[in-house]
Structures are given as C-alpha cells and as structure tokens.
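Student: The residues making up each chain are set out below.
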Amino acid sequence: MMTSVARLDPPAAPDGGVVTRTERLFAGRGALGVAYREAAETVAKHGSEDDTEVWCASVSGLANANAGATALLAAWQLSREEIRALGPRRLARIIEAAGAVCRRAGATAAAQLLKQAPLARRSLRSGDSTVTWADIVADLAREMPTAIIPLLAETGRVLSRTDLDGFRHWVESGRRACERDTGSQVAFFSLEDPAAVRLLARSGRSQPFDRLERRLSPYAAALYGRPAALRGIEPDPEAIVPPRPNIAGGLMRLPLRFAGADEIQDRTYHAAVAHMGAHLAFSRSRFEVGKLRPLQIALVNLAEDHRVETLASRALPGLANLWRSFHTIGADTPTTTDNLLARIARALADPAFEDDDWAVAKARALLAERSDRLEDPQISREFGSLLGNDFGQRRLQFNWKTYAVEPLYRDDGLGLWEFPEDVAPPETIEMFSDVARPEECSDAPERDDGRVDQDLEPARVRAATREDGLPVARYPEFDHRTGDLRQEWTSVRDMPVPSASPARLHALAATHASVHQKLVSQIRSARIGRSERLKRQPDGDVLDLEAAIDHTVKRRLGEIGDDRLFIRRNRQARDLATLVLLDVSESTRDRPPLSPASVLDMELAATTLLAGALDDLGDRIAIRSFASDGRNDVRMARLKEFDERLSDGPLGRLAGVRPGLSTRLGAAIRHATGEIAAERAYRRLITVVTDGEPSDVDVADPDYLALDARHAVRAARRAGIDIVCIALSNAHLDRAKQVFGAGHVFPVGRIDTLPTALSAIIFRLAAR
Amino acid sequence: MTAPLSLDAYRITEEPYYRPAGDEVAVFEAAWRERLPVMLKGPTGCGKTRFIEHMAWRLGVPLVTIACHEDMTASDLVGRYLIDETGTVWHDGPLTVAVRHGAICYLDEVVEARQDTTVVIHPLTDARRVLPIEKHNELVRAHADFQLVVSYNPGYQSAIKDLKESTKQRFCAIGFDYPAHEAEAAIVAEEAGVALDVASQLVAIAERSRNLGGQGLAEGASTRMLVHTGRLVAQGLPLAQAVDTAIVMPVTDEPDVRAALAAAVEACLP
Ligand SMILES: Nc1ncnc2c1ncn2[C@@H]1O[C@H](COP(=O)(O)OP(=O)(O)O)[C@@H](O)[C@H]1O
Ligand SMILES: [Mg+2]
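Chains as they are written, first to last, in my numbering: chain A, 1 to 768; chain B, 1 to 270.
In short, the hints are calculated from the structure, not lab data. For glycine and all other residues, C-beta sits at the position ideal for the given N, C-alpha and C. Any given hint might turn out to be false.
Claimed, not checked - To give a feel for the contact side, a few chain A residues facing chain B, derived at Cβ under 10 Å:
| id | residue |
| --- | --- |
| 1 | Pro218 |
| 2 | Ala220 |
| 3 | Ser313 |
| 4 | Pro317 |
| 5 | Gly318 |
| 6 | His551 |
| 7 | Thr552 |
| 8 | Leu565 |
What the hints assert, rightly or not - Covered by chain A, according to a simulated footprint, are these stretches of chain B (three or more residues, beta-carbon under 8 Å):
| id | stretch |
| --- | --- |
| 9 | 74 to 80 |
| 10 | 83 to 95 |
| 11 | 202 to 211 |
| 12 | 257 to 263 |
Claimed, not checked - Here are the computed distance ranges between Cβ atoms for each label pair:
| id | chain 1 | residue 1 | chain 2 | residue 2 | range |
| --- | --- | --- | --- | --- | --- |
| 13 | B | Glu165 | A | Arg717 | 32 to 42 Å |
| 14 | B | Arg141 | A | Arg717 | 54 to 64 Å |
| 15 | A | Arg555 | B | His136 | 21 to 31 Å |
Produce the entire structure from the sequences given, and follow the hints as far as they go.
Tutor: Spelled out as structure tokens, the structure:
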C-alpha cells in the first residue's frame, strides 16, 4: 500500500506533494490517516495528478472547517464508493460544498450531506446534478442552518418526487415561505408540513393537469354546452390508492397526473372530463344513501356511469370509442370483487366482451331490461340493490379502502350522493367522511398552497366563505434575486362588493363639472384616431382640385397626366377600452401633505371623472379595485364592468370602497391584463391609480414587489396593452417610475390637474 | 328616366335555394308591400344573404348588394365625380342606382361601415324616401321599387362598432339564427351535395363549436362553414380532415381552444 501511494509523490517536490502534505493533517490520528490514504489512492487511480490535487485541496478545506472525524470519514467513504460515478473533480466540489455546510451548519450536517450524496446521485441520475444539489444545500445552509439536517434526512423522499430544477424551486419556495421562523423551516424541509409536500409535488416537471387544464375546460363546454370548473387534486403521499377524479359541488377535480405513461395522459384527461361532464349533464339529482353499504354504492355508481355514458354517446358517438379503449381487464382475471366490478364495467361498455361469470351476465340482463328507461337515474339504484344481493350471497369481500374504480378515467362516484344520514351503515359513513375533507375545502385550495403559517390551519381553510371572495386565478411572481418566475405564487380572489350611497360622488362630479367638460372634449378630440387628408389618391370623397387642374392642363398639352385626382379622408373611430385599477390599500387612507383629501378620496374623484367622461363618449371602461393580505390573498373587486353604463350601480360600488390591507401590484396588473386582453378594441389601456408604493405583509425586500410589478407591466406592454400610472402621492414617485417607466407616470396632486395628466396620457397613446 | 341596361345585371333569374325557418317570407313580403326598411339580424353565415337573394327573385326585383367595410365612405355609396376627356362626369354609386332605378339595396354587415357613412341612408328610411346628393346638387326621389335592407350581427359589436340608436330605430327587424338541427342538415346536404347523415354529423360538430361561442370563440361554426366543409367532403376529402380544414383551423388561433375543439369534433364522429 505504501508503495502505491509513494508513486503519487512527485519526487521533485521537496515538501512531498499535495497528497502527502494533506496526509500530514491526519498524522498521529490513527485510523483517520489510514482511511485517508485508502481514499486518496482510489482517487489517484481514477484521475490525473491535477484531479487528485483538486480533490486533496477539498479534503484539507473540509478539515480546516473543523469537520471532525465523522465528516472526514464520510468524505472518504463517498470518494471510494462514488469515484466511478462522479470522478475526482465532482467529488471535490461536493466535499467543498460539505465544507461550506460545515462552517454554516456544523459538522453533523456536513457529514449528513456526504452520506446522502450517493442517494442523491442515484435519484438525480447525473453527476453534475449531484454537484448542483450539494451546492443548493450549502447555499441554504447560509440562511437556514437548522433546516439542513432535516432536509438531508429526507433526501430520498424529496428527490423521488421531483427533479433538480424542481428541487431548486422547492428549496427557494421554502426559503421564502418561512423567512425567519426556524420552527417552520424545520417543518417545511422535513416534509412535516403538508404544504411543503404539495409544493414539492408541483415543483418538478410541469404536471399534465397544469398543461391540459386550459383546454379541458373549453372541451367540456363544447361537449355539453356548459363550462366546467376544474381543479387539480394535490397528491396525498399517505394515500393507499392513486387518486381518481371526483365531482365536488359542480367542480371537476382531477389528479395532477394519471398513473401510467405520458402518452396516455391527454386521452385520460379527455375521457375523465367527458365522463364527469356526462354526470353533470345527465345525473340530475343526487342519490340518497339510505342503508346502502359501500359495495352497493359502488354497484350503483357502476350502473350510473354506464347510464350517463350511454346517454352522452347518443349525440357524441366518438366518446363511446374513447371510453371503451380504457377497458382492458380480461375475463380470466381472478374473481375478486374489484376485478368483477371492472369486468362488469367493461361488459356494459363493450358488447363484444365475453365473460361467462354469471354476475356479468346478470348485470347485462338487468340493464337490458331497463334500456327503455335510460333517462331515469332510478334504474342505477335498482341495479345496485339487485346485483348487491347476489354479490352478498357469493360472499365476495369488498374493501372500499383499497378499491379504486376502473377504468382509470372514471370519477369515484361519491359526488353523486347526498352525504349519508345516521341510519347508514357505519362503514358507509366512514367512506364518505374520508373523501368529504378535500371536498369541503375544494373551494379554497388556492389558499393553502405553500403558505407556512397559521393561515394554513385547516380550520381557517374550511372557514373560507363567500365573504372571503372566490379564488379566481393564480399568477406567477417574478423574483429579481433569482431571475425566476415563481409559478402560481399568488392567488387572486374576486371579492363581493359592498355598496354605498353614490350621493357623495354625484356631489363630487358636480363640483368638478368644468373638469368633466374638459375631459370630455379632450378625449373626443383625442388623436387616437385623428383623421388625415390624403391628397392625390386614386379614389376618394372629394376631388383634389389642384391635381385635377394639373391633370387637365397636362392632357390639353398632350401629355400623360397623373390620374390620382382625389382627396381621401382617412379617419379611424376612437376605439379604446380602458381598465382602471384602483389601489385601495391601507396607505391610501393617508392624506398627502397640504392636501385636503385622502389619497383614496382623490383616487375616487379621479376615477369618477375619468369614467364619467369616457362613459359620456360611449367608450368602454371597467373599474377594479385591489388590495392584498399576503400572496395568497390578493383581493380584487369589480366596481364597474365594460358593458355597464356609469349609473348609480357602479357609482354606489365606488362609493362603498374602504381602504385596508396592502398593495401586491404585480398580481393585480396580471389579472387586469388578462381581463383587458379579452376586449376587442384597437387600443387597450390599463390605468393604475395608486399612491405608488407596492408592499405586502409577507415581503421584507422593498425591491421585490416593485420589480415584480415592473415585470408584469412589461409583459402587458408586450401583449400590446398600454399601461400607465396616475400617481396621487409625490412621496413614492420614484417607485412608480421604477415600475411603470418614467414616461408612463402622471402625478396628479390636485383634482384640477387631472385633465392635464389625462391629455398627457392621451398624447402618449396617440404618439405610439 | 328609363331603367338602364345595367340594372338587368342585378336581376336574379334562377331561384336561389332557401329553406325557410319560420314565417320570415311572409313577414318580408308584408314589409315589401309597404316598402319598409328591413334589418336582417343574426350571426354570420346563417342565411341572411341567401334569404334576401331568394326574396328578390321571388318578388322579381333587382338586388344591389353592398358589402360594408370600415373604409367605405358616403361617396362609395352615393357616387362621385370622375374625370374623362372633356372634364368631370358624375357617376352614380350603387345606392343611388338602386334608388333611382328601383331595386332592393342590401347593405351587408352594415355595422362594419362607419357611423358617419351610414347616416346617408336616413332620408331614405322615412316617409320622404329621398336621397340628397349634396355634391351633385341633386335630390333623388326613390323609385317605387326601391327598398332598403341591411344585415346586422348583434353578437359582433362593441361600443364603437354598433349601430346608432337613431339608425336602428328606422328598421323593421327579422331575426335569423342557425337553423334547427334537421333543417340545417337538409340545407348542408342540398348545398354541398353530401348525404344527409354526413350533413347531420357536420351539424353536430357545429353545435359543439357554438357551445364555445363567447367562451374562447367569438362565434361558433356557421352554416356557411358547414357548406364549405361538405363541399370538401364531396370532393373526396376524409370527413375529419375536411372539418379540420374548414372549421377547426379557421375558427380560432388559440391553441388550447383549437385542441379542445378538435377533441370535441372527435367525440362527434363514430
Ligand atoms: N335557410 C337556408 N336555406 C338555404 N341555404 C342556407 C340557409 N341558411 C344558410 N344557408 C347556406 O349558408 C350559406 C351562408 O349563408 P349566407 O346567407 O351567406 O349568410 P349570412 O347570414 O352571413 O348572410 C349560404 O350560402 C347557404 O349555402
Ligand atoms: Mg362516474
């Protein structure tokens, strides 16, 4: 052994070379020195001298970080075991990362990193990714040292659920979600926190559901003439059976991905949506549970599935083919209850399927006898109780806990039932309670995603009612520190709008009647479609006299004249849709220095006047207010719709606005962009009326929200939407300019300067 | 003044095939007898143009059709001076031709024209029945056979592109919509020359797309689109491909909506 290592010592180097030099660190430490030599030898065998030197340097770095025997031994063990897979250079980088972890989070954490590296490498299936993984952990150790050991302990679980990018995003989410609270850090990174588990499941490659959601909803609408609200079912790591789709109060809930290959995901989602759509179209009322047991309920569902599919296929024969292709069970499968249910399902869907089990034959017969009553859901119940008795006599066991309806695309059927009364058998009640939980909070799943504080308490989630507004959309948010768009980071809810007497606003409009007049005339003459007189045109409204004379003269002289003799007036109608986005956060309660009115009052005045002028001219204008309470609670209220005239309805809603909460500007802009993008107009304008400073309770970095908002502003402009800011407080003008760009911010200190600001805005629109 | 030869070109000599959906023929005839201005209201491609062609044939009146568009000016309707060897000559526009010599003047998709253009029809729609031509310094009295008919697609308007209230109020209106399933299938079969069951499948597909009207699609597939699709099928194209070419692709550019529609089309085919 000594000889082979001696080979590594460059003879010319008087101090004995890096390997030996490093070895001196462990001199007199017995086993440690031996283990070092063994590892160094292995590394040397698999790389150049330079490689070995780099590796040695990393080891001494680790030793100098006070890593202690356990960590050092772990480094060498890792080096011996993974040398083939990782090579000396990558090993060195992982050991360096361990050194960094050691300095920040201690030797135990460093040892843990080194011990888990082989597992990480196997999960990530790439040496480079393993290095990056170690770097991410080391990076996290800087801010959250206590989270490292819990995180590394779960390496297997974490990496089995995501890929490297997903891991990076997930760590970043955790970092943001629990900024300074060590308790929640540990809960998050140890996966004790269910939100962490859900985020992890969503962190990796985008899920098929996310990819397909936007086409499934119009698909359902096309098939059945009613739009479908879809929701993803977050994976439950504890679940025994993979999730099936289900119907909950008109919502179609779908797993984020179906079991099975990528190629069949599209078809499965379409089959599932078509199937649930058929239920919503044809299962008119819910079944009473009565005294039915789980097996009977499963049988009723089976018949009901068949019934609605048959009805739907009458108009849509292609669906029958689609659905049939999912029935793959064979008649020769063991006669368990689950198999038998699947075989009956197949027999009903596929007349060509042969199965001589008498239950299958009976099922077919029962439905054949009732084929003239297909419109009547009652036949499903009859089928269930008749066939259920036969199953009972055959003493077939049924365990609803492990049962999953077949084929894959079908919903669990429980959404078709009333929640059981007390008279129902206990196991039936248990079966329903088990699924009732997700159903209850299905209206507010947006709320609990990734938020790691008290708000996550299920009690809060369940208490979410209509007063809290309906979640309508989720938006990404831009993180200037990483340059990443955090997917689905914010959620916007549509808040109910309280109304107040519009008298105040009427009075206000009356006081500013002259401003109103000015605005009207300014907008009317707006150069957003000024007419031009085009001379010497081949055709047009009036003769171009000059050209005509020229022409005639030339003709008389025997020359060839130019026969473009007309003047054409090219006029475009003003075609402008405007969405006013009103900041109603707490800060708008403030009164700017020297101002008689609060920011909010000035906002309302400006908005009333602007809307009044546009409304007078018949232009389309909508008004939304926004405020936020953390990223999962961006509240927007619809004060006026595009189609609505500015009558007492919208004015009352404007008057009812009360200031409160914070300003998550980016999310509001993204939502407004989506809305106005749907408008058919030549020019589309979002006017943000604000005091200028984005802020929110869950964000400490003052640049974060401003730069996110800037990101949203730029995206809107790229989509061809104009976006400007009317700033009602000079205090935050710089912020507003940072977000909207200096040329797009129009400070309005007093109401009578509004027409000036507005003409500047219109000038900008016209200038583009 | 005698009717110039030119109007003969506007006479419809062969019966245009039109399958009535209700009593619109009788209603129109009544309006014709009173020479009342009529507005045909309904989504695009549902048979409004075909109907007026049929009525013009039935009543034996020439039909002058003007497809309205954004850039259309009053001169395009009324007429303008042109230059020839000797100087300027006045040239009647199509509206003036119809007014002077007696024809049904059909302004197709009248909302497309700008509001300041459409006001020239106002004096023709009240008891005066005259067309003042300022530039020519003339007041043309409408011929006894003149009638004004416009078409209008109410689903296709925005605040800017809408008819003035004062314009709308001058017309009687007949509502059109896509025909009922059986009727539409019969029309498609007749017009495209395909079998009734194929036509019926096409109608089922159109109905899916109409479900998306306002939810991803501005409007669903029209009867006209179905006729086109049917013709492609009659030319030997497989049904699925014809539907893709003449319905799914033209109707939207939005990839998700298109995918949804394509999947719904698949659901309609056995
Ligand atoms: N009731 C109908 N009878 C006969 N053909 C019809 C009928 N409705 C629609 N069509 C067919 O649809 C096509 C489009 O109709 P058209 O009249 O051009 O629509 P629009 O309503 O846009 O004027 C016609 O060319 C014709 O083939
Ligand atoms: Mg079902």
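Student: For the stretch 74 to 80 of chain B, does the count of residues with a C-beta closer than 8 Å to a C-beta of chain A reach 3?
Tutor: Since three or more residues must qualify, the claim that chain A covers the stretch 74 to 80 of chain B holds, with 3 doing so at under 8 Å.
Student: Against the range 54 to 64 Å, how does the distance between the Cβ atoms of Arg141(B) and Arg717(A) compare: consistent or not?
Tutor: holds, 56 Å
Student: With respect to the beta-carbon atoms only, verify the hint that Arg555(A) and His136(B) lie 21 to 31 Å apart.
Tutor: holds, 23 Å
Student: Would you check whether Ser313(A) satisfies its interface hint, that is, whether its CB is within less than 10 Å of any CB in chain B?
Tutor: Since the shortest Cβ distance to chain B is 9 Å, the answer is holds.
Student: Identify whether the interface hint at Pro317(A) stands, where standing means a beta carbon of chain B within less than 10 Å of its own.
Tutor: This hint holds: Pro317(A) lies near chain B, its Cβ roughly 4 Å from the closest one there, short of 10 Å.
Student: Given Gly318(A) as an interface hint, is its Cβ closer than 10 Å to any Cβ of chain B?
Tutor: Status holds, d = 4 Å.
Student: Taking 10 Å as the limit, does the beta-carbon of His551(A) come near enough to a beta-carbon in chain B?
Tutor: holds, 7 Å
Student: Counting residues of the stretch 257 to 263 of chain B whose CB is closer than 8 Å to a CB in chain A, do you get three or more?
Tutor: holds (count 5)
Student: Given Pro218(A) was flagged as interface, is its beta-carbon under 10 Å from a beta-carbon of chain B?
Tutor: holds, 4 Å
Student: For the restraint on Leu565(A), tell me whether the closest CB of chain B is nearer than 10 Å.
Tutor: holds, 6 Å
Student: May I ask you to test the interface hint for Thr552(A) with respect to chain B, counting a Cβ-Cβ separation under 10 Å as satisfied?
Tutor: With Cβ-Cβ at 7 Å, under 10 Å, it holds.
Student: Mind checking the CB of Ala220(A) against every CB in chain B and telling me if the closest is under 10 Å?
Tutor: The hint holds - Ala220(A) has a Cβ within 10 Å of chain B, the shortest such distance being about 8 Å.
Violated hints: none; the structure is consistent with every hint.
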